[in-house]
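Protein chains in written order, with the working numbering: chain A, 1138 to 1384; chain B, 7 to 220; chain C, 13 to 237.
Since the hints were made in silico from the structure, they are not lab data. Warning: the hint list may mix true and false statements.
[Said to hold, decoys possible] Derived lysine to aspartate or glutamate pairs resembling EDC-like cross-links, with alpha carbons at most 16 Å apart:
id, chain 1, residue 1, chain 2, residue 2
1, B, LYS115, A, GLU1194
2, A, LYS1169, A, ASP1142
3, A, LYS1369, A, GLU1348
4, C, LYS230, B, GLU9
[Stated by the list, open to error] To spell it out: a stretch of chain C is covered by chain B in this simulated footprint if at least three of its residues, at any positions, have a beta carbon under 8 Å from a beta carbon of chain B; those stretches are:
id, segment
5, 180–193
6, 215–223
[As the list claims (entries may be wrong)] Here are a few chain A residues that face chain B, going by a calculated C-beta distance under 7 Å:
id, residue
7, LEU1193
8, SER1228
9, PHE1232
10, ASN1234
11, LYS1247
12, VAL1248
Just so you know, even glycine gets a beta-carbon here, dropped at the ideal spot from N, CA and C.
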Amino acid sequence: MSESDPILQVKKLIKTFEGKLVLNGIDLDVYKGKVIAILGPSGCGKSTFLRCLNGLEEVQGGDILLENKSLVNKATNWRLVRQRIGMVFQSYDLFPNLTVIENILLSPLKVQKRNRQEAENQALELLERVGLKDRADDYPRQLSGGQKQRIAIVRALCMNPEIMLFDEVTASLDPEMVREVLEVIEQLANQGMTMIIVTHEMNFARLVADEVVFMEQGSIVEQTPAEQFFTKPKTERAQQFLNILQF
Amino acid sequence: MTEVLPFYKTALWVTLKLAGIGIVFAISIGLLCSVIQYFKIRILTNIVRVYLEVARNTPLLIQLFFLYYGLPKIGIMFSEEQCGIIGLAFLGGSYMAEVFRSGMEAVSKTQVETGKAIGLSNTQLMRYIIIPQAISYSVPGFGANCIFLIKETSVFSGIAIFELTNTTKNLMGIFYKTNEALLMLVIGYLIILLPLSLFLTWLERRVRHAEFGN
Amino acid sequence: MLNSAINVLFEGKNMYRLIEGLLVTLKIGFIAVVITMVAGFVIGIIRTSKSRMVQLPFRIYLELFRIIPILVWLFVIYYIVPANFDLSLSSETVALIVFSLWGTAEMSDIVRGAIISLPKHQLESSKALGLSIVQMYRFVLIPQAIKRVIPPMINLITRMVKTTALLTMIGVVEVIKVGQQIIEVNSSHHPTIAFWVYGILFFLYFCICFPLSQLSRKLEQKWAV
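With the sequences and hints as input, model every part of the structure.
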């Protein structure tokens, strides 16, 4: 695979749920180091699409290729894939019975079977970068929503993924805490992490994304470089969507 | 009165012993069944379902009679105590399975998905995420089941095991001191159940404390 | 050898007597259940009162039946009453008394729980809509309370039916006793009869209890609160 090939390719992805068509032939190329923001009205399938990329949802048609290898077959070991494609959810979901550091080290130690000292060093360094190193031995219930979400991001990063997926990660946070999380994601973007972000935060998407994918009812309506999308989108529908958000 | 005390002590011990062993087996069976049901493992799930329905819809006494009087006729002989334990484990296992299963299902789906997203296998999910959290949801039901199973040991009287109830019945027949005997019987159960009840309430509180995260 | 053992059950009046025994059980069960539903309902409502003085005696009553095994209660009433009160009670009567008391205690808890769990804002919304107290009860509270009462009630009835097996231990001639009599008579000719009789009894109880628990489950799902 050459430098110019996309690291992740989605071809005509189809997903149905209880007879209804949820994803209607999605095509997407994701290049290394690029940040893609997926926008769209509720129910358009953006979260479902993200979840298909790490195997949390089954697909009924089309293909997903990671470094030119197809993921849509029975032989795919999703556990291995999930170490390369990390995901952070809206509900952060830190494991309540483990401390912060235990939460972060669970996968590196038990799944990736790494050396404890090495993993711990990385974990502490990542915690330092998000400003939460002093909370390493606390339990999740002692932290605020914003802090928990930042730790959820660290937990995913500690597996050294090549791609990070973010599913509306600020949607359940109080407004004061949204910023601290977005700053972390911005930091990651500047460091060159390949990311796909589903979000409602338009200003943030505009700031951090290289490309915007606008979805509606299971299809991609428009795919445009970020700055252009927000100033002069190609489609009428996208323009309507942006107008509504100017409320 | 004091002459019968040793009998009561033995009876108390028998009750505790059989209930204890029975409960341990019941927990193991229950755990196994609930894991099978949680992961919806093919053929086993159906076997488990049949087992649960049969065990819950038949009285312990009949199960014991069948084990103690019925099985020997086709060559399988268990001692009274073994029958008691098997019966209690059989019945108790189904109740425990129900409690553990609802405990596991109470663990939020997003927790499980997050676990999957960081690459955990099913076994690891069970071990690090589901079971620790399921425990705190299960404790009240688990406690109620333990108390229920201890009370059910009274049914062992039917197959000549000398636990509390049976011993009392016989002592009444020998000494004719019905009132005292029955009082001792009630006290006997209270001695077991009250401390257990208090312990379970403490346990419930303790496990909930460790659990509240999200 | 095994086959002829099953045939014994159909011999003579055996099946007939088994059914008779079953009817004895069901009769006691039925009466106890009726008493339980009525008395339990009434006491349940009484127990929703906030007064400590009212709560306490009923609470003690309930706990007594929660802590002490039913078999023990059967023995207590069966042996103590004649010994102390110069009354002679048939085992059926004892059974009826114990089961009614037990059922009522549990039922009152179910009813009380159902009433307490009704969402408060339902009352407020009804008032805001101008419903009278009677209308409120009729259209809002009682339909909802029924949904919360019936599944656990069926569950209680199932448990009561299962527990009727214990009646054989105080001498009631119900289905198990009949079965045991059949075994005694036929053991010499058919050594394996015990296996089959207890097997049939197992099956009989299952056939009665299983539909009940299925019903309770279906209703619970349908009326999921």
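Ascending list of hint numbers which this structure does not respect:
Hint 4 contradicted; others consistent.
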